[in-house]
Amino acid sequence: MNAPENARSDEGFEALLRRIRPTLKQILGRYQIPPTDAEDVLQDTFMTLFYKWDEVQKPEAWLVGTLRRRCIMYWRSRRSRLYDTVDETILELVADSDQPSQEQATLRKDLERSVSNLRPKCRAILRMRYSLGLKPAEIAAELGYAQSSVRKVANRCLAALIRELTAVGFLKESSNA
Amino acid sequence: MPDPMSQTPHLADVLRSRLSGDDLDHLRRLFSARDGAAQNGDLWESGAANGSMPASDPRISGPRTSESEYGAILSRVLPNLMQERRRFANQRDDAGALLTELLGHPQERRIVLIRNSQRFISWPLCEALLESSLDACFRDHKEAVELCTLAVEIALHLADTGIRSPLVHDLQARSYSYLGNALRVSSDLDAADQAFERASELLEQGTGDLLELARHLSMKAVNCASRRRFDESFSHYRRATRIYRQCGEMHLYGRTLMQLAIHLGAAGETDQGIELLRKSLTLIDVDREPRLAYAAVQNLIFLLNEAGEYQEAYEHLQRNRAVLASQDDPVSLLRLRWLEGLVMRGTGEEEEAELALVEARQAFETQGLVYEFAMVTMDLSMLYIAQGRTTEIKQLAQELVPVTQSKQLRDQGIAALILFQKAAELEKISLDLVRQTISSLRQLRQDR
Numbered sequence: 044m045n046a047p048e049n050a051r052s053d054e055g056f057e058a059l060l061r062r063i064r065p066t067l068k069q070i071l072g073r074y075q076i077p078p079t080d081a082e083d084v085l086q087d088t089f090m091t092l093f094y095k096w097d098e099v100q101k102p103e104a105w106l107v108g109t110l111r112r113r114c115i116m117y118w119r120s121r122r123s124r125l126y127d128t129v130d131e132t133i134l135e136l137v138a139d140s141d142q143p144s145q146e147q148a149t150l151r152k153d154l155e156r157s158v159s160n161l162r163p164k165c166r167a168i169l170r171m172r173y174s175l176g177l178k179p180a181e182i183a184a185e186l187g188y189a190q191s192s193v194r195k196v197a198n199r200c201l202a203a204l205i206r207e208l209t210a211v212g213f214l215k216e217s218s219n220a
Numbered sequence: 501m502p503d504p505m506s507q508t509p510h511l512a513d514v515l516r517s518r519l520s521g522d523d524l525d526h527l528r529r530l531f532s533a534r535d536g537a538a539q540n541g542d543l544w545e546s547g548a549a550n551g552s553m554p555a556s557d558p559r560i561s562g563p564r565t566s567e568s569e570y571g572a573i574l575s576r577v578l579p580n581l582m583q584e585r586r587r588f589a590n591q592r593d594d595a596g597a598l599l600t601e602l603l604g605h606p607q608e609r610r611i612v613l614i615r616n617s618q619r620f621i622s623w624p625l626c627e628a629l630l631e632s633s634l635d636a637c638f639r640d641h642k643e644a645v646e647l648c649t650l651a652v653e654i655a656l657h658l659a660d661t662g663i664r665s666p667l668v669h670d671l672q673a674r675s676y677s678y679l680g681n682a683l684r685v686s687s688d689l690d691a692a693d694q695a696f697e698r699a700s701e702l703l704e705q706g707t708g709d710l711l712e713l714a715r716h717l718s719m720k721a722v723n724c725a726s727r728r729r730f731d732e733s734f735s736h737y738r739r740a741t742r743i744y745r746q747c748g749e750m751h752l753y754g755r756t757l758m759q760l761a762i763h764l765g766a767a768g769e770t771d772q773g774i775e776l777l778r779k780s781l782t783l784i785d786v787d788r789e790p791r792l793a794y795a796a797v798q799n800l801i802f803l804l805n806e807a808g809e810y811q812e813a814y815e816h817l818q819r820n821r822a823v824l825a826s827q828d829d830p831v832s833l834l835r836l837r838w839l840e841g842l843v844m845r846g847t848g849e850e851e852e853a854e855l856a857l858v859e860a861r862q863a864f865e866t867q868g869l870v871y872e873f874a875m876v877t878m879d880l881s882m883l884y885i886a887q888g889r890t891t892e893i894k895q896l897a898q899e900l901v902p903v904t905q906s907k908q909l910r911d912q913g914i915a916a917l918i919l920f921q922k923a924a925e926l927e928k929i930s931l932d933l934v935r936q937t938i939s940s941l942r943q944l945r946q947d948r
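From first to last, the protein sequence lines are chains A and B.
Numbering-wise, the first sequence is residues 44 to 220 according to my numbering.
Numbering-wise, the second sequence is residues 501 to 948 according to my numbering.
No wet-lab data here; the hints were simulated from the structure.
This one's a predicted model, so the numbers in the text were calculated from it and none came from an experiment.
C-beta atoms are modelled at their ideal positions from N, C-alpha and C, and glycine is treated no differently.
Okay, derived cross-link-like pairs now, DSS-like style, lysine-lysine, Cα gap no bigger than 30 Å in a straight line: (1) A:K215 / A:K152; (2) A:K195 / A:K164; (3) A:K178 / A:K152; (4) B:K642 / A:K95; (5) B:K779 / A:K101; (6) A:K68 / A:K101; (7) A:K195 / A:K215; (8) B:K779 / A:K95; (9) A:K215 / A:K164.
To give an idea of the chain B side of the interface with chain A (calculated C-beta under 10 Å), a few residues: (10) V514; (11) R518; (12) L524; (13) H526; (14) R528; (15) S566; (16) G571; (17) R576; (18) N580; (19) W623; (20) I663; (21) P666; (22) L671; (23) E704; (24) G706.
Work out the full structure, taking the sequences as your base and the hints as a guide.
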């Protein structure tokens, strides 16, 4: 039986979905996509199958592989957004000003203490970011990184900084939480 | 020893107070993991690489969603999808007419039309332009770039049409990959690199479609090979082949193996190239893409010949001659005649080899196929060198003058041919020099 031909009709497509439904549920369960986002993830995957129907020869294998990759990308993207939030928050806290307040001076001192524990590469990147306020593209130009890779490197350094802060209680659960 | 938790710096406290509860939970999941992926910020990467699922990872522990909840979501999603599916099927019917209409205008006007008329902002039209660009790559490089530029323009505008953005990102990525391919063929390699880079970024925001990724990787692999970045190229090829195999796309798996084999041959890995070509022949669906199957057979014969396996090359040629000769493309038939000449030269049938090479050479000249003409001239000169026919070699060198004056070969190829001419004039031609000239010319071909 030619799967794409069979599934070309609505009935065929529904039959395909019935067959593969347990596997799809299992993938979403294993990757624990939050229910609020699982609908989007599924819609993206099915719509892709419609739009690229002529090229997909084995819809079942394609659906399983693509949904799995979509879940991986979902978490990667969430992690990236999370790093952006942390980055922007730190920037706001230590933003340059002519006359830093006592509070800001303390925050900068804390930041510098944590940054100084990191590898030289990360020290350079994070100081450029938080002390000099450089944008990723400017950091890439200064340090000779490709524009495409500086974000990845910067995120790794930010992760290292978060680990430093975690070691001194950053992520502790508050008592009223 | 003081308890570090009792000395929580102000920064940690303030930062924690500024982040939302969700963000903090997510950070705790990421950074409470014992070690591994989160250490370098690569959550899921290891699972992604081998296609395995994460087992019960502490990073996704916490309130778990049951499979039955996901079942309910699946049931909700389906009815909307069917509607969207029918809407798209109608759009596909209009693509041919739109393509003809759009291409009836000069390029600048086409761009204006796309920017000003919603009719042209169509997914199937974008796909049709991309398909046309592949043919144009063999015919007219400038046209290929123009067609891809139009496709990019449409794909960028599709973001405003209500199609889900990950899908649009996929098509934008594909458009940039095809543009990169067309730019590569046009020898604008830096611009090609940039286009592929943009395509990679867009795919990261796409749907996760594995076939889209594999197609992108295959095209990027060719681009890397053109720039002599063979390790990077082979890595992209291997990733693409894994995906095709995983998705059960055996024809595309075979197709990609064949491309990889050709580049392995070009990188001097002839034996590996032969092995992969043999495998690709078992996978390629002849009915689906007959030309691909012919190309695989011809490349296998060529590499066997290169490896000195003349008898096996000859047997393959004999076995497949009828099928190969049934191709309706005249240039492919000329290439077959050229290949026959090479194989017969290898097996010592010098008269037949000369006849085939002379025939192919004349026909390439008539057809204006400068690269092929130059290459067969080199193959013929190798035969004459072995036979000590200096006068004929000088004659061949003389006949290369129009080639060295044409603009169809790049400077690097012309310089190699001029060196060949000078050596022939001075009767100092050698097999090594001819091999070097062939190598320079082949490099030009791989850059296409």
